[in-house]
Amino acid sequence: MTKINMKGKNVVTTQELSVDEIRALLKLAAEMKGDRYADKWAELMKRQTFIMFFYNPSLRTRQSFEAAATELGGHAQFIEPKAMRLKGVKKGDLEVAGETIHDAAKVMDRYATGLGIRILETSVDNYGDGNQLLREYAKYTDIPVINMADDIYHPCQGLADMLGMQEHNNNQPTKGKTILQTWAKGALARSYCSVHESLLINSRMGVNVKLAFPDDAYELPKDIIEKAKRNAEEAGGTFEIIKGGDPKAAYENVDFVYSRNWFGKDFYEIGKAAEIERASSDKYKDWICDEEKMKTANPGCKFIHPMPVDEGAEVTREVNQGPRSIILDVAENRLHVQKAIMAMTIAGYEVEL
Amino acid sequence: MTKINMKGKNVVTTQELSVDEIRALLKLAAEMKGDRYADKWAELMKRQTFIMFFYNPSLRTRQSFEAAATELGGHAQFIEPKAMRLKGVKKGDLEVAGETIHDAAKVMDRYATGLGIRILETSVDNYGDGNQLLREYAKYTDIPVINMADDIYHPCQGLADMLGMQEHNNNQPTKGKTILQTWAKGALARSYCSVHESLLINSRMGVNVKLAFPDDAYELPKDIIEKAKRNAEEAGGTFEIIKGGDPKAAYENVDFVYSRNWFGKDFYEIGKAAEIERASSDKYKDWICDEEKMKTANPGCKFIHPMPVDEGAEVTREVNQGPRSIILDVAENRLHVQKAIMAMTIAGYEVEL
Amino acid sequence: MTKINMKGKNVVTTQELSVDEIRALLKLAAEMKGDRYADKWAELMKRQTFIMFFYNPSLRTRQSFEAAATELGGHAQFIEPKAMRLKGVKKGDLEVAGETIHDAAKVMDRYATGLGIRILETSVDNYGDGNQLLREYAKYTDIPVINMADDIYHPCQGLADMLGMQEHNNNQPTKGKTILQTWAKGALARSYCSVHESLLINSRMGVNVKLAFPDDAYELPKDIIEKAKRNAEEAGGTFEIIKGGDPKAAYENVDFVYSRNWFGKDFYEIGKAAEIERASSDKYKDWICDEEKMKTANPGCKFIHPMPVDEGAEVTREVNQGPRSIILDVAENRLHVQKAIMAMTIAGYEVEL
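Residue numbers (my numbering), protein chains in the order written: chain Z, 11 to 363; chain F, 11 to 363; chain H, 11 to 363.
Rather than coming from a laboratory, the hints here were simulated on the basis of the structure. Please note that the accuracy of each hint is not assured.
Pairs involving identical chains hold if they fit within one copy or between any two copies, as the list cannot separate such chains.
Computed cross-link-like contacts, SDA-like style, restricted to lysine to any residue with a CA-CA straight-line distance of at most 25 Å [unchecked claim]:
1) K116 - E41
2) K13 - A245
3) K56 - D339
4) K43 - G18
5) K116 - I336
6) K19 - D139
7) K56 - Y278
8) K149 - Q331
9) K56 - G83
10) K56 - E41
11) K17 - K43
12) K43 - Y228
13) K149 - D339
14) K258 - Y228
15) K92 - L338
16) K43 - G83
17) K92 - S68
18) K17 - R46
19) K258 - D300
20) K116 - A40
21) K56 - K258
22) K293 - G83
23) K116 - T326
24) K253 - L230
25) K116 - G44
Bound conformation, chain Z alone:
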């Protein structure tokens, strides 16, 4: 028996947690899901404040974090930094009047016992700047900083995915199963963070990963791919990249299909309009998850997606709302894994493995 203690730990990406910490969070989340409103959870954040700091608004993330704090006996404050006059994080801006990140973070450290931050690509100039800003807050706070999605990582989504996959694998670890992570067409120019986190946590936990996308334009950042490959080696799984060809072929021997749009690697240069125009090209018209492709996969193959789903583009309604879809369970799991993260990092709740 090992006791896992994460008190005070920041959660920036599952990649920076130990495998045991990931297991402990999943175990606690499952237990919390099984007995959701039990009084035993209500002492964990009793009358404490969790600050949700949204550089980018998000309905689902807000709903699930706010409910998580409530269910732990605390309260989550919904804050948008646009109401603040903060000194910028961009190089040339140091002389702008306003408060430093240092000061803003240090004060929140006094008022709250946990700090969630969400900052996506639309709030920054360059890939990675959002993650860097989040880490700057974390540098100045003693309270745990929890990543509510940035421009690289999304640990809560990764954990919710993994919990959902376990639930639909007879509540067994998913090691040895295979997931297809496939690019999908669509007009939403979606961010990388959920896709990255899925690649990282799946490869980490020994799930075989097939990553499919149509062409060079939709290659994912090299450092993420390198990390996922190393994860797979260490966990004894496989990591396969399938560029181009018939999107259906990639579905063979697969237990879970994760079909989602993401923007191209030149997105930060070309911008959203150009990205949407490209992704809407007729040449990508088959990059949608449909029942026909699903029949190529293993029997009982499930459809997984971090939601919101762009139905009719990323996946057909038949699959999305059909018996293969586990998206609602995964969405619900956001709540439970976030409760587990808050319980372990903020309250120091210990989990035995």
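Please build the complex by placing chains F and H on the supplied structure of chain Z, with the hints as guidance.
Only chains F and H this time, still in chain Z's reference frame:
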């Protein structure tokens, strides 16, 4: 003795509740008002989340629902769907990228134990579209959906009105009393929902209803009138329409006066500016509730209004802030009836009649 | 022993509290800080609603009030009146359609047990109009109104300052110590309220006050100065005005330095852009608190500021983030004094002196 159980029931309009359910809600609301912060109410939504989904913002509705959830031991989340990328409800919009109502509703169903929705005429194209959208959410959720006002109905307001009228009728049922529901001038182009609900619940509970308005332009939708007439017949009350003439004449033999502006029946075609111009015409200058008219009514006649009041147009300050006015009691009752609705539909609290 | 009871009392400025009431609030705030999440505080606002009414948004004020209500067992609603259609407070506006302050206040009085209001110079036409509007709400409510900063006063900041100064004076009363309140350059055209409140509470509690500013443009309103002088006389302290000269000279014999920008006395006529241009003039370049000036002060002299700090203009990073700075303790104290105010005025918690 009958035990009334409304667990899981949606509350779209009082018209779709049974008379016994209305009585049970009023009885519980009065009891809650009498012992507002008692611990016994605090278990009903303990650490549960109620989502307030505001297509149209509203201060009072938000304040009263948020306080209601707090007083029941829960927490109300203030959510504005404008932060969401939702597929539209309008016909031509089906191809717009974004999430379906189905998916959005199904996820809220997982996070919360109750869902309030507010959607008024300014958020939709045609009369009734708001109500239809609300019903679409209700179709996909297992948790109760509570109408926080749509473009047709406003059940919480109707119940609050009725509770206030009872309080000012020596805490006796108002059957046999008479209410004048009169159009009033003003520059606010006000929605129908509160007025409709008042007509429906009063006629339902056996209150005699006089509906007065100046001319054809301000006729109310036929289906509401038909329902109210049928309600009156079934309850043994009267329902009288007074079109035009001296607005003062309608005050005779009346116990409650409800004077409020509403927009004309061609509002959805002519729009707000044209409506306001028409309603501001000099020919309507006497359509205001004042002390002189009130003297024509029965002794002790009360002034009722769902607030916010457009003082100086719908009613004089003398009446609005004078001893006849029961508006503040009614406004307070919003809180209590909403607590009762949440207790009965969400927590399954049973009321004996 | 005196028992101090403030139940139902409005807190508009510390100037309108008795010295004993100020002492009681500081004593309770210190006790609450020492045992922050104790169950004994959780009954004080159990399931009650505190309305935070923000004519001007403020992150810190919101965070600290919302946390304060949570820690007392209640819930703070974040409300922005811009969502309301209110009749204006300005003279010519009486005919505007919308709700009266009377009605809005009377309804909040029913829903909540306390009302915080924030209204700064940018929401009104003339100096003092914000304070007048706040007093109008207070006139109509029975529940306590707490000033969350207006265009003249900021009692919570004044109390937080004083508590922080005591903490850094070996937890002893600060009577007989000396504070330098100095104007600082900067491009933020800052409001008077924190500075006023500091002058008033310091002079009231017997702290010697030195008020320094560069020239006639930055004179503070006469009525505040007169009150502060009278306070000093009554408390047996000194009150000194230093206009112009070397900003460093004012640091002599000082125990606390409060360096902050404020806008000029003609701000309401010239507006923000002109004020910022003037304040940025090169002739003010030495009006910054730096380590060199601090060395002129008494040994152990502390830097105090209500935050957010405009680092590099009002104070150097060396001082602001260095060992002299007590700004974070003061910011944290906002929470504790606000809890004490709510406990005493809303819950009637009594403090023995």
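Each hint, compared with the structure:
1. K116 - E41: This pair counts as between: shortest inter-copy Cα distance 22 Å, intra-copy 34 Å.
2. K13 - A245: Classified as within: same-chain Cα gap 22 Å, cross-chain 60 Å, threshold 25 Å.
3. K56 - D339: Between copies only: 23 Å across, 27 Å inside.
4. K43 - G18: The answer is both: 23 Å in one copy and 21 Å across copies each meet 25 Å.
5. K116 - I336: between (40 Å within a copy, 12 Å between copies)
6. K19 - D139: within (22 Å within a copy, 48 Å between copies)
7. K56 - Y278: neither (43 Å within a copy, 46 Å between copies)
8. K149 - Q331: between (43 Å within a copy, 15 Å between copies)
9. K56 - G83: both (4 Å within a copy, 9 Å between copies)
10. K56 - E41: both (19 Å within a copy, 19 Å between copies)
11. K17 - K43: both (21 Å within a copy, 22 Å between copies)
12. K43 - Y228: So K43 and Y228 fail the 25 Å test inside a copy (36 Å) and across (54 Å) alike.
13. K149 - D339: Between. Shortest inter-copy distance 19 Å satisfies the 25 Å Cα cut-off; intra-copy 34 Å does not.
14. K258 - Y228: within (17 Å within a copy, 61 Å between copies)
15. K92 - L338: between (31 Å within a copy, 22 Å between copies)
16. K43 - G83: both (16 Å within a copy, 20 Å between copies)
17. K92 - S68: both (14 Å within a copy, 11 Å between copies)
18. K17 - R46: Classified as both; 22 Å inside a copy, 19 Å across copies.
19. K258 - D300: within (9 Å within a copy, 67 Å between copies)
20. K116 - A40: between (34 Å within a copy, 20 Å between copies)
21. K56 - K258: Cα proximity of K56 and K258: none, with 50 Å in one copy and 48 Å across.
22. K293 - G83: Close neither inside one copy (52 Å) nor across copies (55 Å); limit 25 Å.
23. K116 - T326: So K116 and T326 pass the 25 Å test across copies only (17 Å; inside, 47 Å).
24. K253 - L230: within (11 Å within a copy, 63 Å between copies)
25. K116 - G44: between (37 Å within a copy, 19 Å between copies)
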